[in-house]
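In terms of the working numbering, the first sequence is residues 423 to 703.
It should be emphasised that the hints constitute simulated quantities derived from the structure, not laboratory data. From the three backbone atoms N, C-alpha and C, an ideal C-beta is built for every residue, glycine too. Be aware that one or more of the hints could be misleading.
Across the chosen pairs, the derived CB separations fall in these ranges [claimed, not checked]:
| hint | residue 1 | residue 2 | range |
| --- | --- | --- | --- |
| 1 | GLU676 | THR519 | 36 to 44 angstroms |
| 2 | GLY614 | SER575 | 20 to 28 angstroms |
| 3 | CYS681 | PHE562 | 40 to 48 angstroms |
| 4 | GLY675 | ARG546 | 38 to 46 angstroms |
| 5 | PRO561 | GLN641 | 24 to 32 angstroms |
| 6 | ARG441 | LEU556 | 16 to 24 angstroms |
| 7 | VAL524 | GLN620 | 42 to 50 angstroms |
| 8 | SER460 | ARG700 | 49 to 57 angstroms |
| 9 | ASP521 | PRO561 | 34 to 42 angstroms |
| 10 | GLY622 | ALA563 | 21 to 29 angstroms |
| 11 | GLY622 | VAL446 | 47 to 55 angstroms |
| 12 | LEU689 | GLU667 | 20 to 28 angstroms |
No farther apart than 25 angstroms at their CA atoms in a straight line, the calculated lysine-lysine pairs in the DSS-like style are these [unchecked claim]:
| hint | residue 1 | residue 2 |
| --- | --- | --- |
| 13 | LYS466 | LYS560 |
| 14 | LYS458 | LYS560 |
| 15 | LYS481 | LYS560 |
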Amino acid sequence: MPELPEVETIARGVDARVRGDRIVQVWFGSHREPFKNSSARQAKSLEDRSILGVARVGKHIVVGLGSAVPQTSSKGLPPEGQWIVHLGMTGRLLVTTPDAPVAAHTHARLTLASGRELRFVDPRRFGRLESRDLARQKPFAAPGADPLFVDSSAFAALFWGRRLSIKAALLHQSLLSGVGNIYADESLFRAGIRPRRQAGRLSHAELERLRQALLEVLQHAIRLGGSSVSDYVDAEGVRGFFQLEHRVYQRTGEPCLTCGTPIRRILLAGRSTHYCLRCQH
DNA sequence: CATTTCACCTGGTGGC
DNA sequence: TGCCACCAGGTGAAAT
Numbered sequence: 423m424p425e426l427p428e429v430e431t432i433a434r435g436v437d438a439r440v441r442g443d444r445i446v447q448v449w450f451g452s453h454r455e456p457f458k459n460s461s462a463r464q465a466k467s468l469e470d471r472s473i474l475g476v477a478r479v480g481k482h483i484v485v486g487l488g489s490a491v492p493q494t495s496s497k498g499l500p501p502e503g504q505w506i507v508h509l510g511m512t513g514r515l516l517v518t519t520p521d522a523p524v525a526a527h528t529h530a531r532l533t534l535a536s537g538r539e540l541r542f543v544d545p546r547r548f549g550r551l552e553s554r555d556l557a558r559q560k561p562f563a564a565p566g567a568d569p570l571f572v573d574s575s576a577f578a579a580l581f582w583g584r585r586l587s588i589k590a591a592l593l594h595q596s597l598l599s600g601v602g603n604i605y606a607d608e609s610l611f612r613a614g615i616r617p618r619r620q621a622g623r624l625s626h627a628e629l630e631r632l633r634q635a636l637l638e639v640l641q642h643a644i645r646l647g648g649s650s651v652s653d654y655v656d657a658e659g660v661r662g663f664f665q666l667e668h669r670v671y672q673r674t675g676e677p678c679l680t681c682g683t684p685i686r687r688i689l690l691a692g693r694s695t696h697y698c699l700r701c702q703h
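Kindly generate the complete structure, drawing on both the sequences and the hints.
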């Protein structure tokens with residue numbers, strides 16, 4: 423469900439609430455999905471660790487873990503481990519009080535020394551949980567460039583020679599990490615580019631317009647706490663507001679806000695794709 | 001290798 | 001009210 427702005431919002435919210443806290447107990451509900459490495463091993467690598475910080479990497483949330491020593495002496499030290507959370511389509515990462523009702527499809531509950539709980543809830547179970555021991559494994563890295571930080575020549579180079587559609591290319595996480603269906607459609611509309619255009623045939627000027635549009639739409643969405651299309655909420659259970667700013671996404675048949683032409687919906691790369699025939703070329 | 005399709009899940013919605 | 005088809009923010013394996 424969540425794309426870059428939603429994941430960023432959640433990561434910031436969780437970071438503000440659990441940084442410096444300590445994991446004292448771990449409960450995992452299901453022993454099949456969503457564990458990338460075994461739930462027993464993950465529980466062991468989380469228990470009695472301090473939380474150094476929480477950050478977004480692509481669409482993933484990375485929790486930096488330190489040793490259990492008092493936080494004053496672990497301050498500033500590099501993390502010894504990581505807990506990596508991918509929210510899939512319907513995942514939520516919530517910081518709650520221990521007595522808060524446990525939602526259906528809660529797969530993980532981490533009890534913290536402060537008394538709060540960090541909970542992972544995911545009805546569709548497309549999300550993934552992974553732990554890494556940094557003494558033996560590399561820290562998690564996004565496979566592609568971050569759309570908030572990529573510069574214009576690196577951005578253009580991502581698409582050079584590619585025959586797939588620009589929409590499919592935007593969704594390809596090993597090119598750009600963080601763009602999903604909403605922000606692909608919204609950035610293409612704002613850049614005036616049709617989603618079916620071949621990525622490798624866009625001019626440098628068009629690609630630069632696209633990079634700018636994408637950057638602006640992502641930053642705007644982050645400021646509004648993300649898009650709440652159905653069930654997305656941040657770490658406190660609060661909905662975002664960027665869905666009110668959508669110009670094409672899920673506005674099929676409604677008039678384009680620029681020219682009044684009904685917004686079209688097509689299927690592209692297996693995903694619903696929305697655009698304005700008149701404003702996008 | 002690049003690109004496309006499909007399976008993986010549950011739940012909400014709207015038509016009949 | 002029930003049943004059913006269709007749709008949903010993502011990804012990665014399998015097919016092409």
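Need the list of violated hint numbers for this structure, in ascending order.
Violated hint (a single one): 4; every other hint is consistent with the structure.
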